[in-house]
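*Asks:* Can you build the whole structure from these sequences, using the hints too?
Those protein sequences? They're chains A and B, same order as listed. Numbering follows the working numbering, with no gaps: position 667 of the first sequence is 667. Numbering follows the working numbering, with no gaps: position 268 of the second sequence is 1268.
Rather than coming from a laboratory, the hints here were simulated on the basis of the structure. Since the model is a prediction, treat every value here as computed from it, not as a measurement. One thing to keep in mind: the hints can contain errors.
Said to hold, decoys possible - Chain B is faced by these chain A residues, among others (derived, beta-carbon under 10 Å): (1) Glu53; (2) Leu54; (3) Leu61; (4) Leu65; (5) Pro66; (6) Trp67; (7) Leu68; (8) Gly69; (9) Phe398; (10) Val423; (11) Phe445; (12) Ser525; (13) Asn527; (14) Trp560; (15) Phe629.
What the hints assert, rightly or not - Pair by pair, the computed Cβ-Cβ distance ranges are: (16) Val1003/B to Val481/A: 37 to 45 Å; (17) His507/A to Lys1288/B: 49 to 57 Å; (18) Pro607/A to Arg1039/B: 46 to 54 Å.
Even for Gly, the Cβ is constructed at its ideal location relative to N, Cα and C.
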Amino acid sequence: MVVYALYGVGALLALAPIAVVLTTSPRAINVIYGTSLVVTLVLGVIGFKSLFELSTSTATLPLGLPWLGAHFRMDALASFFVIVVNLGGAAASLFALGYGQHERAPERVLPFYPAYLAGMNLVVLSDDAFSFLVSWEFMSLSSWALVVAHHWEHENLRAGYVYLLMASFGTLALLLGFGLLAGANGNYAFDAIRASHPSDAMAALVLILALIGAGSKAGVVPLHAWLPLAHPAAPSHVSALMSGVMTKVAVYGFVRITFDLLGAPEWWWSMLVLAVGGITAVMGVLYALMQHDLKRLLAYHTVENIGIIYIGLGLALAFKAHGMAVAAALALTAGLLHVFNHSVFKSLLFFGAGAVLNSTGERNMEHLGGLIHRMPQTAFVFLVGCVAISALPPLNGFVSEWLTFQAILLSPQLPSWGLKFLVPAVGALLALSAALAAACFVKAFGVSFLGRPRTPAAADARETDSNSLAAMICLAALCLVAGVLPGIFIDALAPVTNALVGMSMPHQTGLEWLTLVPIAESRSSYNGLLVFIFVTVSGSIAAFAIHRLASDKLRRGPAWDCGYPDPSPVTQYTASSFAQPIRRVYGTAVFRACEIGEMPAPGATVPARLTVELHDLIWDYVYAPIAAFVAAVADRLNVLQFLTIRRYLTLVFAALVLLLLVLAIWP
Amino acid sequence: MAVIRDIAFQGAQMLLVLLLSPLLTGFVRKVKARLLSRRGPPVLQPYRDLIRLMRKEVVLAESASWLFRVVPYIVFAGTWVAASLVPTFRSGLLFSWSADLIALIALLGSARFFLALAGLDVGTSFGGIGSSREVMIASLAEPAMLMIVFTLALVAGSTQLSAMAAYMMSDEVGLRVSLGLALLALIMVALAENGRIPIDNPATHLELTMVHEAMVLEYSGRHLALIDLSSQLKLLFYISVIGCLFAPWGIAPPNGSAAEIAIGVASYVAKLAVGGVLLAVFETSIAKMRVFRVPAFLGAALMLGLLGTLLLFVSRSL
Chain A
1 MVVYALYGVG ALLALAPIAV VLTTSPRAIN VIYGTSLVVT LVLGVIGFKS LFELSTSTAT
61 LPLGLPWLGA HFRMDALASF FVIVVNLGGA AASLFALGYG QHERAPERVL PFYPAYLAGM
121 NLVVLSDDAF SFLVSWEFMS LSSWALVVAH HWEHENLRAG YVYLLMASFG TLALLLGFGL
181 LAGANGNYAF DAIRASHPSD AMAALVLILA LIGAGSKAGV VPLHAWLPLA HPAAPSHVSA
241 LMSGVMTKVA VYGFVRITFD LLGAPEWWWS MLVLAVGGIT AVMGVLYALM QHDLKRLLAY
301 HTVENIGIIY IGLGLALAFK AHGMAVAAAL ALTAGLLHVF NHSVFKSLLF FGAGAVLNST
361 GERNMEHLGG LIHRMPQTAF VFLVGCVAIS ALPPLNGFVS EWLTFQAILL SPQLPSWGLK
421 FLVPAVGALL ALSAALAAAC FVKAFGVSFL GRPRTPAAAD ARETDSNSLA AMICLAALCL
481 VAGVLPGIFI DALAPVTNAL VGMSMPHQTG LEWLTLVPIA ESRSSYNGLL VFIFVTVSGS
541 IAAFAIHRLA SDKLRRGPAW DCGYPDPSPV TQYTASSFAQ PIRRVYGTAV FRACEIGEMP
601 APGATVPARL TVELHDLIWD YVYAPIAAFV AAVADRLNVL QFLTIRRYLT LVFAALVLLL
661 LVLAIWP
Chain B
1001 MAVIRDIAFQ GAQMLLVLLL SPLLTGFVRK VKARLLSRRG PPVLQPYRDL IRLMRKEVVL
1061 AESASWLFRV VPYIVFAGTW VAASLVPTFR SGLLFSWSAD LIALIALLGS ARFFLALAGL
1121 DVGTSFGGIG SSREVMIASL AEPAMLMIVF TLALVAGSTQ LSAMAAYMMS DEVGLRVSLG
1181 LALLALIMVA LAENGRIPID NPATHLELTM VHEAMVLEYS GRHLALIDLS SQLKLLFYIS
1241 VIGCLFAPWG IAPPNGSAAE IAIGVASYVA KLAVGGVLLA VFETSIAKMR VFRVPAFLGA
1301 ALMLGLLGTL LLFVSRSL
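*Replies:* Structure representation (structure tokens):
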């Protein structure tokens, strides 16, 4: 299987230079995205086949380090992530067949797009540290090129710069981590790493490095700073890939290292992961609530969902460390199912934002409104995405969060006291983030799609093209299917959890009415299909009965608004005013939010002003001091650029003497 | 045969909650009026209001979209389904396993999500103020509710309402600190979720204090009837949940005889009546609080729920 997958990756890589040649041709967009669509679909099918055949296949290519070669392997975990990557890739390619036509600089996007897809696939397929890191960097750099594709906007360049720094930092952490992990005789093949058992201290250090390295790519707080800058800066189909798929590749890296390569976990590792997950989930959604840029809001929600995934993974680690395999399988399934679900609805939402951006030229929600009238189909699928990401039944986001809650309910049996106190707190954070996410998506959908248009651009919006719509409709359908028939998806994850924690959740699809039963029916069960049918049927009965028996008359009139309707659309609630109550409740502590009102003196003709100040404390207290320190050091060292040749020679000589001295003294 | 009987009971439950919910609201209003030494509207007034509203034509704002017209049906269906899955007079309902308590709470969350969207749909300032305050309240009430569910589920070892009610009826349960905390928090959350005093006033028409009423301000005719019926069902849902978890006496077992069923129905109606009287007494004895005091109130509920859960993590017997 892995050989076929590599052929697919090779095809994507070959597409990149073809794109460079083709960019002048008007058909380039169709050729590149069409081929990417076909190749990713094939790769997805390969992933499916490999996952269901329970086969592990390996391949070694004579590339990379001469004594190592490049190892590739497709086991259950890799197959699952190959499916996630290529499902997102296929949807993005289909969307781009329409969306890409409006690209102002296709020559800056087309060559990097297939390369980026290939990079993500390679990370998942790699089976040695060297090819993993090379693929990881390849993925980072190709996505960086896509982030700065629209370089004429100053903000994008800054985003690209921050992204590049953070990506290098993350890779450095991973590099050190893999360095510590090396197997016997410095063998970097994953097989050798698995066979060797690092000491406790070493394993703990690797875990922390993996948390930093993979976490910075996934966007865990406080390493998330680049994510809300870089993800929205890219063209929307690439944003969808970065948010929906690349963060999942990062999660893959973390799972591969902690669950597979490191061997048996210590219980306190899970405390670290759980704490990070809980904080990330709540901070991500609070940041998102304060945004009024639609794409940036979605990017912050990726941070939140990564937190939810990490909570699942942390619970799985805790259960695994204490030998509770059934519970570990449940928690890991919850986390991985959320990986899949998030990749589906986040891609869908970014596509929707892209469609809005295309037809109005606006990302700022304060300039939108009323799009449900002008773009009804986009509005509908975007609404599906909003319901799914808000973890509301009967769609898929709810299923994975419900499973995470069920895993939390199993955790009182954990013997360690630290976990006994941490897990309920993390449960509360998870519940809080779910409720806040619903609030945030009421805002996102309500302000941009409902109400009256706030600008002429929003009033003249046009429905997006059929390819983009097709991509969004497919993903929306998938949200519903995964929501009402989660058993199929959970059963598909069984080989993955079997491999990682030695157990899988009970078989689901054979159960009566296709109900979801994580442990036992007397404990908990949920049937999305029945709930969906009940709600649909009772809603339809109500509609039918009322229209038949009572009244179906309808008259259009002006809005009531307590008798004072204002024709100007600026009197509507805006995104900022919608978030104001929540900003007052949570923002004062988290963002030091303050509102400054300037009331002019009586008789003055200047308007009154209300200014809201928000401080990103993580940026102010972590990133800004580091940046200031680096700048100060660089300023001092700047002198070295303007020395005479004699001084340079002296410096070189001094360095040489110093090094020789060190060598002489070194034991 | 057993299946037919089960279906009949499930259907009876659906009808029962639908028919009792306006009565409960009428009853609460009547008791409140009597406590204020007013005569008050007849107990059956909510039925008359609903029927009248359903017969009237709908006046739809010009800027309203299709979503605005669909939302009342979604909200009604979601709330009705949730209320129908709570064991009221008989446990072991045919479909009670299709959604556990977490799923029921989330189902009501879906209903609220759509209602808040409808508040924004027409594009008026009152709709916006209602929606934004509603989601602020929900952002605290939902996690508090989930913490309460955690506490109860850890005691009962299940999140299924039927199993939880059965456990609460057994002798194992005893007096527990955590259950006391959960009950207190649940009452606070129920007050907030139903927009009762001190959080919101269901009878107010003073613009700046409205939350729920502001959100549904643009609704009229049959749409308004459905929204009203949904809030009545929601009140019934919360009283039923409290009754089924903290006063599970009288609920007929799945294979109960006709006499047991009759006792079940009678005790259920009695529980609703007691809940209604307590609610009315509480509402008349307290003043509505400012909107920005609400987070402190609900934050307390959240902390109580979290404390209950923590106690159970520390010791199974607390």
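*Asks:* If a hint holds in the structure, say so; if it does not, say that too.
*Replies:* Hint check results:
1. Glu53: With Cβ-Cβ at 34 Å, over 10 Å, it is violated.
2. Leu54: Nearest chain B Cβ about 31 Å off; hint violated.
3. Leu61: 48 Å, violated
4. Leu65: 49 Å, violated
5. Pro66: At about 54 Å, which exceeds the 10 Å cut-off, the nearest Cβ of chain B leaves the hint on Pro66/A violated.
6. Trp67: Interface hint status for Trp67/A: violated (51 Å vs cutoff 10 Å).
7. Leu68: 47 Å, violated
8. Gly69: 50 Å, violated
9. Phe398: 6 Å, holds
10. Val423: 7 Å, holds
11. Phe445: Where the cut-off is 10 Å and the nearest Cβ of chain B is about 6 Å from Phe445/A, the hint holds.
12. Ser525: 5 Å, holds
13. Asn527: It holds, given that the least Cβ distance between Asn527/A and chain B is near 4 Å, below 10 Å.
14. Trp560: 6 Å, holds
15. Phe629: Phe629/A check fails; min Cβ-Cβ to chain B is 38 Å, beyond 10 Å.
16. Val1003/B to Val481/A: 37 to 45 Å: Violated - the Cβ-Cβ distance for Val1003/B and Val481/A, about 28 Å, lies outside 37 to 45 Å.
17. His507/A to Lys1288/B: 49 to 57 Å: 53 Å, holds
18. Pro607/A to Arg1039/B: 46 to 54 Å: 52 Å, holds
Hints 1, 2, 3, 4, 5, 6, 7, 8, 15 and 16 from the list above are not met by this structure, while the remaining hints are.
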